[in-house]
Amino acid sequence: MPPPPPYWLLAELTYRCPLHCAFCYNPLQYDAVRQELTTAEWIDVLRQARALGAVQLGFSGGEPLMRDDLEDLVAEARRLGFYSNLITSGVGLTETRIAALKQAGLDHIQLSFQDSTRELNDFLSSTKTFDLKLKVARLIKQYDYPMVMNCVLHRYNLPHVGKIIEMALELGAEYLELANTQYYGWAMKNRDQLMPTLAQVREAERVVAHWRERIGERCKLLFVVPDYFEDRPKACMNGWGQVFLGVAPDGLALPCHNARDLPGLDLPNVREQPLSVIWRDSRAFNAYRGDDWMQEPCRSCPEKARDLGGCRCQAFMLAGDAAATDPVCAKSPRRQEVDRVIAFAGSAGRSEQPILFRTAANSRSLIPKTVD
Amino acid sequence: MTTPAIPATPAINRVFRLQWEPVQDSHVLLYPEGMVKLNASAGEILACCDGVRSIDDIVQSLQAKFQNDGLRGDIEDFLAYASAQRWIV
Numbered sequence: 001m002p003p004p005p006p007y008w009l010l011a012e013l014t015y016r017c018p019l020h021c022a023f024c025y026n027p028l029q030y031d032a033v034r035q036e037l038t039t040a041e042w043i044d045v046l047r048q049a050r051a052l053g054a055v056q057l058g059f060s061g062g063e064p065l066m067r068d069d070l071e072d073l074v075a076e077a078r079r080l081g082f083y084s085n086l087i088t089s090g091v092g093l094t095e096t097r098i099a100a101l102k103q104a105g106l107d108h109i110q111l112s113f114q115d116s117t118r119e120l121n122d123f124l125s126s127t128k129t130f131d132l133k134l135k136v137a138r139l140i141k142q143y144d145y146p147m148v149m150n151c152v153l154h155r156y157n158l159p160h161v162g163k164i165i166e167m168a169l170e171l172g173a174e175y176l177e178l179a180n181t182q183y184y185g186w187a188m189k190n191r192d193q194l195m196p197t198l199a200q201v202r203e204a205e206r207v208v209a210h211w212r213e214r215i216g217e218r219c220k221l222l223f224v225v226p227d228y229f230e231d232r233p234k235a236c237m238n239g240w241g242q243v244f245l246g247v248a249p250d251g252l253a254l255p256c257h258n259a260r261d262l263p264g265l266d267l268p269n270v271r272e273q274p275l276s277v278i279w280r281d282s283r284a285f286n287a288y289r290g291d292d293w294m295q296e297p298c299r300s301c302p303e304k305a306r307d308l309g310g311c312r313c314q315a316f317m318l319a320g321d322a323a324a325t326d327p328v329c330a331k332s333p334r335r336q337e338v339d340r341v342i343a344f345a346g347s348a349g350r351s352e353q354p355i356l357f358r359t360a361a362n363s364r365s366l367i368p369k370t371v372d
Numbered sequence: 001m002t003t004p005a006i007p008a009t010p011a012i013n014r015v016f017r018l019q020w021e022p023v024q025d026s027h028v029l030l031y032p033e034g035m036v037k038l039n040a041s042a043g044e045i046l047a048c049c050d051g052v053r054s055i056d057d058i059v060q061s062l063q064a065k066f067q068n069d070g071l072r073g074d075i076e077d078f079l080a081y082a083s084a085q086r087w088i089v
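Sequence order for the protein chains is A and B. Residue numbering for the first sequence follows this note's numbering, starting at 1 and increasing by one per position. Residue numbering for the second sequence follows this note's numbering, starting at 1 and increasing by one per position.
Hints listed in this document are in silico derivations from the structure and should not be mistaken for laboratory results. For glycine and all other residues, C-beta sits at the position ideal for the given N, C-alpha and C. Warning: the hint list may mix true and false statements.
Stated by the list, open to error - When the alpha-carbon atoms are kept at most 27 angstroms apart in a straight line, the in silico DSSO-like pairs for lysine-lysine are as follows:
no., chain 1, residue 1, chain 2, residue 2
1, B, LYS37, A, LYS220
2, A, LYS220, A, LYS102
3, A, LYS141, A, LYS102
4, A, LYS304, B, LYS37
5, A, LYS135, A, LYS220
6, B, LYS37, A, LYS234
7, A, LYS234, A, LYS331
8, A, LYS234, A, LYS304
9, A, LYS234, A, LYS220
10, A, LYS163, A, LYS220
11, B, LYS37, A, LYS102
12, A, LYS128, A, LYS141
To be verified - Quick list of the computed label-pair ranges, beta carbon to beta carbon:
no., chain 1, residue 1, chain 2, residue 2, range
13, A, PRO297, B, TYR81, 37 to 43 angstroms
14, A, GLY216, B, ASP57, 27 to 33 angstroms
15, B, LYS65, A, GLY53, 23 to 29 angstroms
Using the sequences plus the hints, can you model the full thing?
Next up, the structure:
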């Protein structure tokens, strides 16, 4: 059976970013990715993806505003009938650009904050950006875009979740994504520092439920309990090669955001193959389609259609095998690894290792030099 | 929660975009990072919600289009639902 059309195209225009967030999911070796797709190459990707049936388009990165052709790409996306989402830190979103993007047909802006306080926002992103973000939020409303506010949560800001909700309401956000940190890339590197305690997670859940009751439909609060604290894994990408098609700055086609870090996928590049072939026929996009690849305990599990064995990247990072059961699952023989991490987060003698910020210098120092 | 009244001249809420998707063979409502796939009648009704036409106008035009005099109840039920979902304002 041929796969369904991709629904969501994530265009990671660049890994360049003025922020240095400690929880970024971008690959550690991002600084080595230099040969960004050109405007013409991106336009070709957009056309091919739309022909395959993709509807939702995310412009992301890195910071997509680092590309000065963003307005051209948005205009093409609109001509093609995409619903386009700009996923931004707000840095570089001047009034001139926000007006030009509106003119080009941008549908929505997702603005990230790191916290409700200037101090923590600026510490976690290792920049002075809090006041600028507030200004950008007001511009987004002034230009009548629907606004999703996004705040990545972890042990430092989970206690502020009520304040973060108040800030979103004050700024007029239609949606607030309270995105618990997912431990990939830089976030995985900083996992011991970022992992909340169980008590923090439960308290945040209670606060969110309370606010949901109070505000009804005025602002939709999206809060998903981090999977480490659940006993079943999340359904990876809503099905590998079913919904999501990512294209990295260098043209690598990604079945999930972090597929670059999975072994043996032989990721295809949009510079070398048509997107239709990549989506339907490539080894990477077929590697975990369906359930033939599953091992026990997933293979015979009655719940396998619901969570699809969980996250392949987490299986690889925590169990050393991308086809293993996601160790978050209580049925996984590796679950103790997850419990150990949670217990460590709640213990007094936490790691003394400092937070490692996402910077080009840190990226270079983490990766052994390779010769092309 | 009370069911909101149907607006007099319903329009698609600006948070949503209604469009025809050939690959889905249906109308869809697009919103930030999401999509509602509409069945044929829902698509027909929402396509009439231009902020100008009244409920009576919409009923008349759809009854004429489908040559069926008994659509008012279904159309009003759907518009009430769409209003509760904030698809129309």
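Looking at the structure, which of the earlier hints fail to hold? none
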